[in-house]
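Residue numbers (this note's numbering), protein chains in the order written: chain A, 202 to 368; chain E, 139 to 959.
Since the hints were derived computationally from the structure, they do not count as laboratory data. Incorrect hints may appear among the rest.
[As the list claims (entries may be wrong)] For the chain E half of the interface with chain A, some residues (derived, Cβ under 7 Å), not all of them:
id, residue
1, Asp-158
2, Leu-161
3, Ile-162
4, Asp-171
5, Ala-337
6, Phe-576
7, Gly-644
8, Met-811
9, His-818
10, Ala-850
11, Leu-851
12, Ala-855
13, Ser-873
[Said to hold, decoys possible] In silico lysine-lysine, DSSO-like type, Cα no more than 30 Å apart, as pairs:
id, chain 1, residue 1, chain 2, residue 2
14, E, Lys-701, A, Lys-279
15, E, Lys-753, E, Lys-147
16, A, Lys-279, E, Lys-156
17, A, Lys-354, E, Lys-794
18, E, Lys-234, E, Lys-261
19, A, Lys-277, E, Lys-701
20, E, Lys-147, A, Lys-354
21, A, Lys-354, E, Lys-156
22, E, Lys-731, E, Lys-701
Since the structure is predicted, the reported quantities are computational estimates derived from the model, not experimental observations. Where is the CB? At the ideal position from N, CA and C, for every residue including glycine.
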Amino acid sequence: MSMGATVPVEVTVNGELHASEVPARMLLVHYLRDELGLTGTHVGCDTSNCGACTCLIDGESAKSCTVLAVQCDGAKVKTIEGMASADGELHALQEGFWAQHGLQCGYCTPGMIMAAADLLERHSGDGPITEDEVRHGLEGNLCRCTGYHNIVKAVQAAAETSRRIKV
Amino acid sequence: MTTAVPSAKHVGQSLRRKEDPRLITGRATFVDDLALPGMLHAAVVRSVEAHANIVSIDTSAALARPGIKAVYTGNDMSDLLAPLPMAWAPPGVEIKTPERWPIARDRVCHQGDAVALVIGDDKYVVVDAAADVHVEYESLPVVIDVEEALKDEILVHESLGTNKAHEWSMGGGGDIEQALADSDVVVEQRIVNHRTAGAAMETRGCIAEYRAGQLTVWSSTQVPHLLRLFYAVQMGISEDKVRIIAPEVGGGFGSKLQICAEETMCAWASKQLGRPVKWIETRSENMAVSHHGRDQVDYVRMGATNDGKITAFHANIIQDLGAYFGLLTPMIPELGAFVMTGCYAIPVVQTDITGVFTNKFFTDAIRGAGRPEMTHMLEVTIDQLAQKLGMDPVEVRRKNFIKADQFPYETPYGITYDSGNYEVALDRALEMVDMDAFRAEQASLREQGVLRGIGFSTYTEICGLAPSRAVGPSGFGLGIGLYESALVRVHPTGSVTVFTGASPHGQGHETGFAQIVADRLGVDPSVVEVVHGDTATGPMGLGTYGSRSLAIGGVAVAHAAEKIAMKIREIVAWNLEADAADIEVQNDKFSLKGDPDQGMTLAEAAGCAYIDATKMPEGMEMGLEQTLIYDPSNFVFPFGTHVCVVDVDPETGSVKVVRWVAVDDCGPAVNPMLIDGQVHGGVTHGIGQAIYEQVVYDERGQLVTGTFVDYALPTAAEIPSFETDRTETKSPSNSLGVKGIGEAGTIAATPAVVNAVIDALRHEGISYIDMPLTPLRVWQALEAARGSGDGPRASEQGVELPDQGEGSAGSGPTQPEGGAA
Chain A
202 MSMGATVPVE VTVNGELHAS EVPARMLLVH YLRDELGLTG THVGCDTSNC GACTCLIDGE
262 SAKSCTVLAV QCDGAKVKTI EGMASADGEL HALQEGFWAQ HGLQCGYCTP GMIMAAADLL
322 ERHSGDGPIT EDEVRHGLEG NLCRCTGYHN IVKAVQAAAE TSRRIKV
Chain E
139 MTTAVPSAKH VGQSLRRKED PRLITGRATF VDDLALPGML HAAVVRSVEA HANIVSIDTS
199 AALARPGIKA VYTGNDMSDL LAPLPMAWAP PGVEIKTPER WPIARDRVCH QGDAVALVIG
259 DDKYVVVDAA ADVHVEYESL PVVIDVEEAL KDEILVHESL GTNKAHEWSM GGGGDIEQAL
319 ADSDVVVEQR IVNHRTAGAA METRGCIAEY RAGQLTVWSS TQVPHLLRLF YAVQMGISED
379 KVRIIAPEVG GGFGSKLQIC AEETMCAWAS KQLGRPVKWI ETRSENMAVS HHGRDQVDYV
439 RMGATNDGKI TAFHANIIQD LGAYFGLLTP MIPELGAFVM TGCYAIPVVQ TDITGVFTNK
499 FFTDAIRGAG RPEMTHMLEV TIDQLAQKLG MDPVEVRRKN FIKADQFPYE TPYGITYDSG
559 NYEVALDRAL EMVDMDAFRA EQASLREQGV LRGIGFSTYT EICGLAPSRA VGPSGFGLGI
619 GLYESALVRV HPTGSVTVFT GASPHGQGHE TGFAQIVADR LGVDPSVVEV VHGDTATGPM
679 GLGTYGSRSL AIGGVAVAHA AEKIAMKIRE IVAWNLEADA ADIEVQNDKF SLKGDPDQGM
739 TLAEAAGCAY IDATKMPEGM EMGLEQTLIY DPSNFVFPFG THVCVVDVDP ETGSVKVVRW
799 VAVDDCGPAV NPMLIDGQVH GGVTHGIGQA IYEQVVYDER GQLVTGTFVD YALPTAAEIP
859 SFETDRTETK SPSNSLGVKG IGEAGTIAAT PAVVNAVIDA LRHEGISYID MPLTPLRVWQ
919 ALEAARGSGD GPRASEQGVE LPDQGEGSAG SGPTQPEGGA A
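Taking the hints into account, I'd like the entire structure generated from these sequences.
Structure below.
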């Protein structure tokens, strides 16, 4: 390879441990997509504005275009491919986006779902999450198709499902 | 023969989308998700100058990098057979067309013009190498402002001798000057409709593979069949040896309705190197060289009687074309002119259009394409007229509406509106808004220092492109007809594959078209697979844009399924010894009227058609398959009323949309959920232009808004929830009665926002502000109106203002008209 020096990394992605040698400058998003074949995480900009590449690193949402793969040595990463259960049962957010028509072209959707997963995890209130909380909570993720209306409904619906399960 | 149109079981339902399972689980395949054996990567070296001669290009350092296979420049690609196409010029008009090659040969005319193509085996390395390509330029003078360019002091293309590409005038109903002179009142306004970006979340991209005489291109495109046609011409390859595949496409909004320079270069390079070549556009490239939209300076005049009857409307449109023509560039303002009268019975109209080259990237079709600009002129000017007459803007609209019993209605331009009932949509919107409650709230908020305003936009638009005779080479001058194709194939087991020439990129065709077929063939939509975007699998089609897919492609699918249903009825009737006219689809079965147990499922009928010839009427062709090309008799004209409520902060000038009511009429709904989704997204696109988004070049032609840091797409936090409803007026243009809805929200939205802001600020003496209604602009308008400042003071806040000039560049101050008067 003509990518310069490589560095060993061990990253657990969607529960599976991967030991790789990666170029030091390789972005996490490219590691996920090109090395591991997890192409559900998308690239939509080059300035960390759009959020299409959002995944969870040790449980917190992060834009994987702003993180080097080597920085994730020892970390647990979760991507959209890891959201449904092993037997294919959809995560409440996936179900919410489907039921509420929260996507059109679907390019921003994986990032939206991962950002929303973190948002709902951080939403400590006992009551339902408000429209305003969802809208501000997803400010870091851009969508050009939906006008956000149904994305907000999808996240609120997922929150309600999760709340019922917890109770 | 009786018609095979069934009662609707699936059509009309908000069925969950068939597309979604792969998209919500990360299993969809966009072009960048594909990799081929031996694939190389491409990066494009782009001009840093807006206008310059290329003195020399030194590629040696780039070529010396490990992993670099080739660096090509314009001279290397001199064997390309044709420049990139412009396919739609106004008919009968002299037009000056500069050649646009995929890569600059000796001169660059805008920042971002391609000057070299770097190809190597790693996507990081080609970017490194691109930075090592040294280009020496001899700078030429740059002209950015469109009205400055009209003076021809600086020429974008010396060889053309002028920056004026074309002039086109259309008038109808009488002499416009006389009609204006005869009017009791005339309002005039200069309106800048600024340049915007398509900004699909997936950028453009392709993989081109030339192998054994066959070219295959995977492209993020809205028009795969047009790409095949062009590549065959461009590279001298027989059309049957060219295959275009549009995999999952992440949004388009017109920006992928283009024959792209980069894809052409990759196809050419793949042929040179014998390996697949991938190019994925960066967002910075997307902002610079995916075509822009809008960018007009408009001078409008509207005449009326003292009691509010519009007598004349004139628009003088100066269209900033950018440096070249894209596929449809010169026709964009003309598309708007076709609905210049909007919803209104305006007796005398005239449109004068001047296309002008500047040293910017070219403009072309972006969601709405000419119609948002025209609707903006019309709807903003009507509010100005109402203000001048002291009338309610809603009543001025109502007074001038074409009445429901006047359809089909021929406009002064000879366009025939198919159907409409504008008052019903307006009344429904008013009911949802509750104007009395609003005015009370507005007054009480004003006392608390919040400036709330309401704005209306009652629109109609021309879409469902289109009748081939009307738009084609002998009609409006498009280089091809705009029919659409369908192939419906029932399999022996009774499941169905539908091939459509439409090429969706988020709209939900796989679901909506499956609903249409399911009703006609008596099956569940889950066993109807809709295949699109592969020129090797289905018949020639024209793709998805111009809100055409349902009204043309969906109708093609319906007609093909109906033809198959007719054949099935004959098969079933023959087996039951009944009359085909007595067979109908009931309970997912083709069965005898009055005796639903007697009949066959689609699978049973398919078994006859594919397996047992003895169960077919003698002489009937085996199989159940139908190819169909549908060409409509007219365009379709959706319409509606949009109402925007804004709050303006008098201290900061910031505008926030707090409420949006939309009542749209696109005929009978195939899937109401999909319609709502199109309206939400379309309106948000319009809110984006009205308040946040603007493509800005500085006076040297440098793009200031080159990333999402500078180009403000609205986020969830800026956008309200939407209150939507529909009325249903059938179109007589097609058998489904449907009209397009993809662009309607965008077409309706911007004037509703501007009218709302002016409603909030009118008591301050402000009657007009150009978009985008940024805090700076609104604040400056307020300052000027209040007379507390001596012109713009923003520099005191440390903001360096570009010279707004008279054109579209710059986000600086607008001189508010009507100021303190």
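Taking only the CA atoms, is the gap from Lys-279/A to Lys-156/E under or equal to 30 Å?
-> Holds, because 26 Å separates the two Cα atoms, which is no more than 30 Å.
Mind checking the alpha carbons of Lys-701/E and Lys-279/A for me, to see if they're no more than 30 Å apart?
-> 49 Å, violated
Lys-731/E and Lys-701/E: Cα distance at most 30 Å?
-> Holds - the C-alpha atoms of Lys-701/E and Lys-731/E are around 19 Å apart, at most 30 Å.
Lys-354/A and Lys-794/E: Cα distance at most 30 Å?
-> With a Cα-Cα distance of about 21 Å, the restraint between Lys-354/A and Lys-794/E holds, given a limit of 30 Å.
Hinted contact Ala-337/E with chain A - closest CB pair below 7 Å | 6 Å, holds
Agreement of hint Leu-161/E with chain A interface, Cβ distance less than 7 Å = Because about 3 Å separates Leu-161/E from the closest Cβ in chain A, which is inside the 7 Å limit, the hint holds.
Taking the closest Cβ pair, is Asp-158/E under 7 Å from chain A?
-> Holds. Min distance 5 Å.
Would you check whether Phe-576/E satisfies its interface hint, that is, whether its CB is within less than 7 Å of any CB in chain A?
-> This interface hint is violated because 21 Å lies over the 7 Å limit.
Holds or violated: Lys-277/A to Lys-701/E, with C-alpha atoms at most 30 Å apart = 56 Å, violated
Against chain A, with CB atoms and a cut of 7 Å, does the hint on Met-811/E hold up?
-> 5 Å, holds
Under the criterion that the straight-line Cα-Cα distance not exceed 30 Å, is the pair Lys-234/E, Lys-261/E satisfied?
-> Since the Cα atoms of Lys-234/E and Lys-261/E sit roughly 39 Å apart, the hinted pair is violated (cutoff 30 Å).
Return the status of the interface hint for Ala-850/E: holds when the least beta-carbon distance to chain A is below 7 Å, violated otherwise.
-> Since the shortest Cβ distance to chain A is 10 Å, the answer is violated.
The structure fails to meet hints 6, 10, 13, 14, 18 and 19 from the earlier list, while all remaining hints are met.
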